[in-house]
Amino acid sequence: MAAGARLRWGQVIAESARRLSPLYLAANNPIMFVVEAGAVLLIALLAIPGAVAPGRAPLYAALAAILVVTAWFSTLSESISELQARARVDALRGLEREIIAHRISEGGGVADVRSSELRPGDRVRLSPGDFIPRDGFVVEGTALVDESMLTGESEPALRSRDDRVLGGTRVVSGSLVVEVTAEAGKGFVDRMIELVSSAKRPRTQSEVSLSLLLLVLSLVFLAVVGSLYFALYFMGYGPDVAMSVSLLVALMPTTIGGLLPAIGIAGVSRLAREGVIAKSGRAIEASGDTDVVILDKTGTVTEGNRRAVGFVPFGGYTEADVGMAAFIASIGDATKEGRSIVELAESMGYVPPSPLMEEALVARRIDFSAETRYSGVEFMWSRRPYGPRGVGRYSGPGEAIANELMELRERGEPARVIKGSVDVVLRMARPPDPRSAERAIEEVSSRGETPLLLAVNDRVVGMVVLKDRLKPGVREGLRELSEMGIRTLMITGDNPLTARAIAEEAGIWSVIARARPEDKLRAVEEQQSLGHVVGVVGDGTNDAPALARADVGLAMNSGTAAAKDAANMIDLESDPSNIIKVVKLGKQLLTTRGAITAFSIANDIAKYFTLLPMMLAPVDPAAAALNVMRLHSPTTAVLATMIFNAVIIPALIPLALRGTGFRPTSTRRMLVRNVLIFGLGGAALPFLAIKALDILITFLISAR
Amino acid sequence: MPIIYQAAQIALLFALSISAAYALSRPIASLADWRPPGPRWVSAIDALPRRVLGPAYSRGMTWSDYLLALLALNGVVLALDFALLELQPALGGPRVPPDLALNIASSFVTNTDLQHYAGRMLTVTSQMLVITYTMFVAPASGLAASLAFMRGLARRSATIGNFYADFTRSAALLLALATASALLLVAMGVPQALSGGIGAVRLGPVASLESIKLLGNNGGGYYAANSASPLENPSGLSNFYESFLMLLLPLSVPLAFGRLAGMGRGATILGAMLGGAGLLIGLALLGGARAGVEPRLGAFDTLLFNSVSMATGTGATASGLAAMSPLAVSSFLMAMFLQSVPGAVGAGFMYMMVFVLITLFVAGLLVGKTPEIMGMKITPRDVKLAAATFLVHPLLILLPLVAAFAAGQAQHLLGPPGPLEFTEVLYEFTSAAANNGSSYLGALADSPFWNCATAAVMLAGRYVPIALMLALAGSFAGKERRSTPEPVETRGALFAALLLGTALLLAVLTFFPFLVLGPFSMG
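Top line first, the protein sequences correspond to chains H and E. For what it's worth, my numbering labels the leading residue of the first sequence as 1, then goes sequentially. For what it's worth, my numbering labels the leading residue of the second sequence as 1, then goes sequentially.
By construction, these hints were calculated from the structure, which means they are not laboratory data. Note that this is a predicted model, so its numbers are computed, not measured. Where is the CB? At the ideal position from N, CA and C, for every residue including glycine. Careful, some of the hints might be misleading.
Said to hold, decoys possible - Listed next, the stretches of chain E that the computed footprint assigns to chain H, with coverage defined by at least 3 CB atoms under 8 Å from CB atoms of chain H:
| hint | region |
| --- | --- |
| 1 | 95-104 |
| 2 | 361-370 |
| 3 | 385-397 |
| 4 | 403-417 |
All chains, full assembly: derive it from the sequences and hints.
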């Protein structure tokens with residue numbers, strides 16, 4: 001999607017040229033402002049007759065040109081990242097859930113408007129299938145509203161006059177007129193676009209700190225080079241302005257100074273590519289600091305579709321008996337769970353014999369409800385006989401259950417086959433051997449599977465084993481988090497045994513089992529009070545407090561408006577495991593800044609060795625010994641150094657935009673690795689590159 | 001002297017200093033961590049000032065109150081010193097010109113002890129009241145500030161302690177240590193008298209001055225020859241012992257911090273300091289000495305004394321600087337650029353903590369965490385304060401250096417400037433800015449320009465960083481702290497190496513051209 005966003009180069013060039021304005025640089029990038037001022041100084045000296053020694057004018061002109069190009073490379077990187085980010089974020093517009101609402105106008109007519117245009121007090125008409133655009137209350141009508149995206153309750157709720165309804169929920173049947181009460185939030189995409197325009201972008205604390213540090217470092221070098229110029233002058237060494245300006249620009253952290261705006265914007269832009277909208281730059285940075293992530297089990301760690309994987313008999317029953325009972329109990333069950341039970345029984349051949357099947361098909365269905373929390377069938381025995389001697393005894397898999405039910409029919413006694421959670425079913429029925437049943441139930445739970453008990457009238461015959469699958473890739477993601485030293489907390493309504501088993505399978509650090517919705521907020525606060533930086537994912541309205549309280553709150557786009565308003569990031573793909581990507585990105589953003597800073601400062605060592613001996617050698621023979629790189633001449637040395645200094649900026653644009661190669665590992669290993677690569681590497685690279693440029697320039701000059 | 005013997009002497013010196021510093025860190029930590037009722041010995045010190053000052057002695061101070069109290073006390077001592085020197089003729093001594101009096105007073109109150117005068121300029125009364133007394137005030141102020149700094153880092157509070165209490169207790173501790181070490185110096189042959197002389201050489205209360213001169217990292221000598229004089233530093237033994245005294249307090253402050261914030265942390269900071277000191281001493285020894293060292297002491301002892309003196313910000317010298325090789329001079333300059341390996345008592349520790357902040361900031365970014373120190377977020381304000389502390393030092397060296405040449409004062413004093421003359425001027429201001437006190441020029445620089453310029457640099461070099469560092473302490477004292485693992489661990493060899501590397505890199509990048517222009521080109 002967003003990857004398709006194209007960069008318009010004409011626009012990039014024009015924008016970057018416009019930003020070379022000294023006013024813009026003075027306000028946004030003081031380091032580049034100094035670079036530009038250096039160029040202006042050199043050009044001014046060229047314009048004053050006699051100010052530049054004859055024969056040195058070409059060098060002055062070349063250096064002035066290189067300085068302008070250096071500043072331009074910086075504005076170029078800024079423009080590239082900004083326009084790229086804007087294109088990407090714009091591409092997200094289509095994904096932000098913007099729905100068409102049918103607004104009732106003053107005269108009673110209905111007009112279609114975008115949900116973002118709704119104001120409190122507006123009334124909208126809703127038909128089956130419509131999403132409720134914003135929180136409000138029912139003015140007229142009655143309807144079943146699917147609120148499962150907020151509450152997790154699969155049964156639609158009945159909503160009528162004066163009931164509150166929530167944005168993001170869907171009308172299943174019936175129709176409503178709803179009065180909107182909530183103010184439209186500013187579109188999230190609009191907010192993110194502000195984040196990527198470098199002039200308006202609010203800077204984060206660590207970015208402000210880094211800019212300060214770089215500014216002070218530049219001031220130090222300004223004092224150093226200025227004093228050096230005067231010291232040389234008073235010692236009668238006849239210093240050269242072009243050399244001094246070059247030394248200053250070479251020493252100032254131009255590389256990081258030039259790329260700093262681009263790095264910040266690229267962070268937002270890379271999030272956008274992952275389909276995540278950040279509401280503030282702070283949120284992105286905080287995500288790098290996250291050391292505890294709180295995850296929901298269902299939907300984040302597991303797929304949330306439990307499927308039947310086996311039947312376990314109790315007492316004297318066989319697996320086939322239980323399979324057949326499960327088939328009967330689920331025969332009219334349209335839920336995914338129910339269908340998976342029927343499919344499993346069919347595949348194992350545990351289908352009831354035909355007379356029983358016919359009875360089962362016409363049996364009264366007991367639907368699942370929130371109050372009873374079980375489902376199944378109640379047989380309505382037909383009077384039609386099955387032949388002269390009845391059907392006789394059935395023999396085959398599941399014969400015990402089949403014959404038991406047929407006997408009940410013979411006697412005309414009522415028969416119910418139900419399935420439900422352990423505690424519910426045990427309240428109505430008893431297993432033949434309670435102790436061994438209990439052990440079996442526990443064993444299933446401890447494997448992270450969910451037992452569903454099956455009862456025929458008051459006897460529990462066995463259980464269906466339901467299993468929730470881990471989402472693909474979640475285990476790898478969690479392993480990366482733990483390698484980075486981030487602890488994961490899984491929150492679930494399951495019993496502790498099941499929860500712990502799943503946690504173990506997925507690689508979760510700790511679980512909060514039998515959790516109620518409000519426990520999420522408690523968990524966030526508890527972890528924060530221990531000093532952790534907490535990331536949390538959520539989509540429901542009851543997640544909103546936790547999302548707001550957490551340092552990084554990632555709301556799903558499929559979630560409610562309340563959740564999205566409370567969170568500081570929104571995942572347009574609605575994949576909760578994206579929080580792992582967000583954390584990695586946040587870290588990468590800071591590492592990139594640190595890496596280029598270390599690189600930029602380490603570069604200075606080499607620059608002293610290229611420029612200083614050349615400045616001093618003619619007058620101070622001892623200093624010539626510092627020309628360890630055996631550069632050809634002062635002219636070639638200064639050109640090589642300044643070209644390197646300029647070219648390194650565009651050379652690092654890809655790194656700034658993409659971020660440093662990030663492998664999840666312990667912070668200690670990462671520190672050593674980055675110090676070696678960017679610190680020592682940054683110290684060594686310019687020696688090689690400047691020497692190579694010096695050879696090239698010497699060759700070009702002599703070839704002329 | 002065989003190299004094995006030299007290595008053994010250095011190893012013994014550091015082993016003894018570190019062990020003694022470890023022991024001394026306990027009382028220092030108990031001062032930093034003082035809460036009523038506190039140890040009995042502290043109560044004994046407190047008895048008198050508590051009665052005199054009342055609640056002013058015990059109320060908690062914010063960082064700005066603390067700074068004001070420190071400035072007020074130092075200001076009073078500065079004024080007193082100045083007045084005493086001006087009144088010297090009335091007490092039968094020679095007249096001291098006001099610019100020189102200002103220079104002397106500033107020099108001693110700032111723990112610098114740059115001496116633009118010859119010893120005979122001062123009467124015995126002045127030596128005791130102006131010099132020796134102020135030699136207690138300066139390190140006690142530095143130690144007090146570092147106690148407040150440690151508190152700011154180690155505990156959350158609106159205040160960072162009471163300066164008067166910290167100062168009195170620090171001074172008492174220094175007094176006890178100085179008395180004991182003066183007795184040992186006397187035993188080694190340093191004179192302690194109020195009158196008399198050997199030939200043309202006056203005797204005086206030398207041992208009492210000598211002990212606090214070294215212990216408090218002051219550095220100003222009784223005699224112009226400083227520790228090259230046999231009366232200040234009679235033998236190889238006293239040379240060793242005096243080196244030990246210089247190292248004692250600077251090494252014990254980080255360990256005291258370790259007692260408050262975890263010994264691992266203290267040891268890591270100490271490790272970085274020792275690594276730097278080792279490097280600089282090695283460099284000085286590698287460079288060697290030239291003609292002109294005291295034959296009594298020999299090149300090795302002289303170099304060891306001098307490099308320990310520069311590393312600890314003491315500034316005492318066992319020979320003239322002209323007797324040092326260019327490489328040794330470079331090492332001395334580096335020590336003064338860094339000010340923190342280990343630096344003077346209190347101040348050195350605080351400078352190192354500023355480097356700790358800068359290192360943690362960059363290292364934190366490198367591991368993808370917003371930077372923090374000991375569970376506290378490093379905010380833009382903290383970075384601003386730390387960076388400003390780092391910026392002040394080169395400005396205080398380089399701007400006056402240019403001014404001295406621009407005003408023609410350097411040329412007037414030294415003749416046409418070459419590498420040696422440049423080095424001499426660079427050294428003068430570096431020593432003043434770093435509150436070190438060693439100097440090429442000495443009494444030669446007794447002129448209104450040099451007296452006033454160095455006085456200004458010494459005062460700014462002392463109080464501007466202390467103000468910034470106390471502000472940092474106040475900022476940390478107010479911070480929330482988390483008890484989670486540090487993103488960049490501030491203990492262990494890795495951090496010590498990073499810290500030292502960062503400090504060295506920043507100092508070298510700042511001053512490299514001047515080292516090249518000066519000592520490197522002296523040939």
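Are three or more residues of the region 95-104 of chain E within 8 Å, CB to CB, of chain H? This one is violated; 0 residues, fewer than the three required, reach chain H with a Cβ under 8 Å.
Closer than 8 Å Cβ to Cβ for three or more residues is the test here. Does the region 403-417 of chain E pass it with chain H? It holds, with 6 qualifying residues against the three required.
Given coverage of the region 361-370 of chain E by chain H, checked by CB-CB distance under 8 Å (3 or more): Coverage by chain H holds here, the residue count being 10 at a Cβ distance below 8 Å.
Is the listed coverage of the region 385-397 of chain E by chain H valid when you require three or more residues with a beta carbon under 8 Å from a beta carbon of that chain? holds (count 6)
Of the hints listed earlier, the one the structure fails to meet is number 1.
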